[in-house]
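Asks: Residue numbers (my numbering), protein chains in the order written: chain A, 1 to 136; chain B, 1001 to 1136; chain C, 2001 to 2136; chain D, 3001 to 3136.
Treat the hints with caution; some may be incorrect.
[Stated by the list, open to error] Below 20 Å or equal to it, Euclidean Cα-Cα: the simulated SDA-like pairs (lysine to any residue) are: (1) D:Lys3100 <-> B:Val1131; (2) D:Lys3121 <-> D:Ser3025; (3) C:Lys2100 <-> B:Ala1085; (4) C:Lys2100 <-> B:Arg1095; (5) A:Lys104 <-> A:Gly30; (6) A:Lys97 <-> A:Arg39; (7) C:Lys2097 <-> C:Asp2042; (8) A:Lys104 <-> C:Gly2028; (9) B:Lys1100 <-> D:Lys3104; (10) C:Lys2104 <-> D:Ala3085; (11) C:Lys2097 <-> C:Thr2002; (12) B:Lys1100 <-> C:Phe2113; (13) A:Lys100 <-> D:Ser3025; (14) C:Lys2100 <-> C:Gln2119; (15) C:Lys2104 <-> B:Ala1085; (16) D:Lys3100 <-> A:Leu84.
Think of the hints as simulated: they come from the structure by calculation, not from any bench.
Number of protein chains: 4
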Amino acid sequence: MTLLETLQQINATSAFNRWAGVTVSHAGSGEVELSMAFRGDDMAQYAGLLHAGLIGALLDTACGFAAGTVAGNVLASHFSVNCLAPAVGEVFIARGKVIKAGAKQVFARAELFAQNGDQLKRVATGDAILVPVEAR
Amino acid sequence: MTLLETLQQINATSAFNRWAGVTVSHAGSGEVELSMAFRGDDMAQYAGLLHAGLIGALLDTACGFAAGTVAGNVLASHFSVNCLAPAVGEVFIARGKVIKAGAKQVFARAELFAQNGDQLKRVATGDAILVPVEAR
Amino acid sequence: MTLLETLQQINATSAFNRWAGVTVSHAGSGEVELSMAFRGDDMAQYAGLLHAGLIGALLDTACGFAAGTVAGNVLASHFSVNCLAPAVGEVFIARGKVIKAGAKQVFARAELFAQNGDQLKRVATGDAILVPVEAR
Amino acid sequence: MTLLETLQQINATSAFNRWAGVTVSHAGSGEVELSMAFRGDDMAQYAGLLHAGLIGALLDTACGFAAGTVAGNVLASHFSVNCLAPAVGEVFIARGKVIKAGAKQVFARAELFAQNGDQLKRVATGDAILVPVEAR
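Let's have the full structure, built from the sequences with the hints guiding it.
Replies: Next up, the structure:
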C-alpha cells in the first residue's frame, strides 16, 4: 500500500472528514495535500464564509497527516491559525509539511488555498505540534 | 431583545453551527457559554474523539461571540488551541470571555469542557484575536 | 531548601536573567511570580516601551518556572505572547501557572503586569508548552 | 536613504537591540535579515543555551522590521515561537518576511538559524501579527 493509500484509509476512518468530504490528493515523505468542496448549506459561518472550524480542521488535518508520514500515529497538542483573507471558494486545498520531526514532538505547518475557477488564493496558514502515540 | 437572544439569532444564521447543533446557553457582557452534543457518526476524528476542527470551532465561536457582546460584528484573524486531554464527552461546553477589547483588535480566551454524566472535565483551551468589522 | 529557594537558585544560573535583574518573588505548587525593574537604557524598543523580547522572556520564564515546580527540569518548545497594552512601567511582574501537567508536555499560562506607583495594569498574556527533560 | 539604512537607523534607536548587538544585514520589500553574536555571559538561560527571550526578540524584531518595509511603523500585538532545536551558536541569524499585509494587520513569519563555523542550522520559527500605527 502506498503512503497515499494509507492516508486515504486513515482519512476514511474519520467520521468528520467523511462528512466534510475531505480527500487526500497527494502524499510524500513529510508532506500532504487535502481537498474539500465547499457546501454553503452546512459549512458556512454567519457571513457565508467557510467556518473557522473547518479552516482549522483542514489545516490541522494537513499538519497531522504530514506528521503521520514520518512519525506514525500522532495527536495534535497545539495548533494555531492565521486567517489572512475571507475564505470564499468552490474548493479548499490544504498543503501541510513537516518542519521538524523530533522523538517527542513533531512541528508541522500548513497553508489553505481557496480555489475559484482556475485561480488559487491563499486564505489561511496554520502551525501544529503533534505528539507521536503508540499504534493501536 | 436580550444579549442572549441576539447571539442565539446570530448563531442560527451560521450553517455550520446549525449542522453541529451548537446552542448559546449563556451570554453576559464580555462572556458567553456554548453547548454541543457529541455525535460519533459525524464529529469524530480517526480515533473516535471529537475532531480538532470541532474543538477549534467551539473555542473560536466562544471567543467570537464573547467579543461580539462588546464589539459588535467581528472576524477572527488568529486563533490557537491547546489540547489538554482526550476530547471524550456526551456534551461539550465552551466558555469564552474577553481579555481586552481594543478599537482595532479584541483579545478573547475560551475553555472547552467535556461533560460525562454530571462530571465536567477541561479538555482544551483557546485564544483568539478578533477584528471588529462594519455591520452588514 | 524551599521551592522558592530552589527556583531562586536556578534563576541565578541564567546569565540573561541576572543581566535583566529578574527575581523570583513567590513560588507555590504550579505557580510562580517574577519581578523585574525597568531600565530604559537597555531594555526598550524603538518607541521606549519594554522590548517584546523582554515581554516574552518574562512570560516564558514564568511559565517555565511554574512548570518546574511540578515537573522538574523543562525546556520550552512553544510559547506565544499577546500584547494587550503598551508596556510602560517602573517594574514588571509576571505570574505564571500550570494549566495541565502531562508526562510529555506541560501547558502553562502567564500574565504580565506593569507597575506604576501602586497601580498594576495587565499589559500582556502568554502561553507556553514545556517538555520535561532529564536532570543534568 | 535606502531601505536597509532606514531600518539600521530604527534599529539603532532600540536600547535593547543595541545592548544585544543586533544588526540589520539585509532588507528588501517585505523581508529582512538580522544578525546577533552570542555572548554566554549575559544571553544564556540556565542550561547555557540562548535564552528564549532573545529567541523571541530576534524573531519578533525580524517580523516587525519586515512588516515595517511595507507598512511603516508597526507594533506587535501577537507573536509565537516554536523552538525546534537547542539554540547553540556563535552567531544567530533571523530572517523575516511578510505573509500578508492588510490595512489593519500585517502577518509575518521568521526563521532563526544558529551559525557554527560555516554551518547554519534552523533552531526556531516564529509568527507575528503587527498593527500599523501612526508615525511619531
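Asks: I'd like to know which numbered hints this structure contradicts. Please list them from smallest to largest.
Replies: When the structure is compared with the hints, numbers 6, 7, 8, 13 and 14 turn out to be violated.
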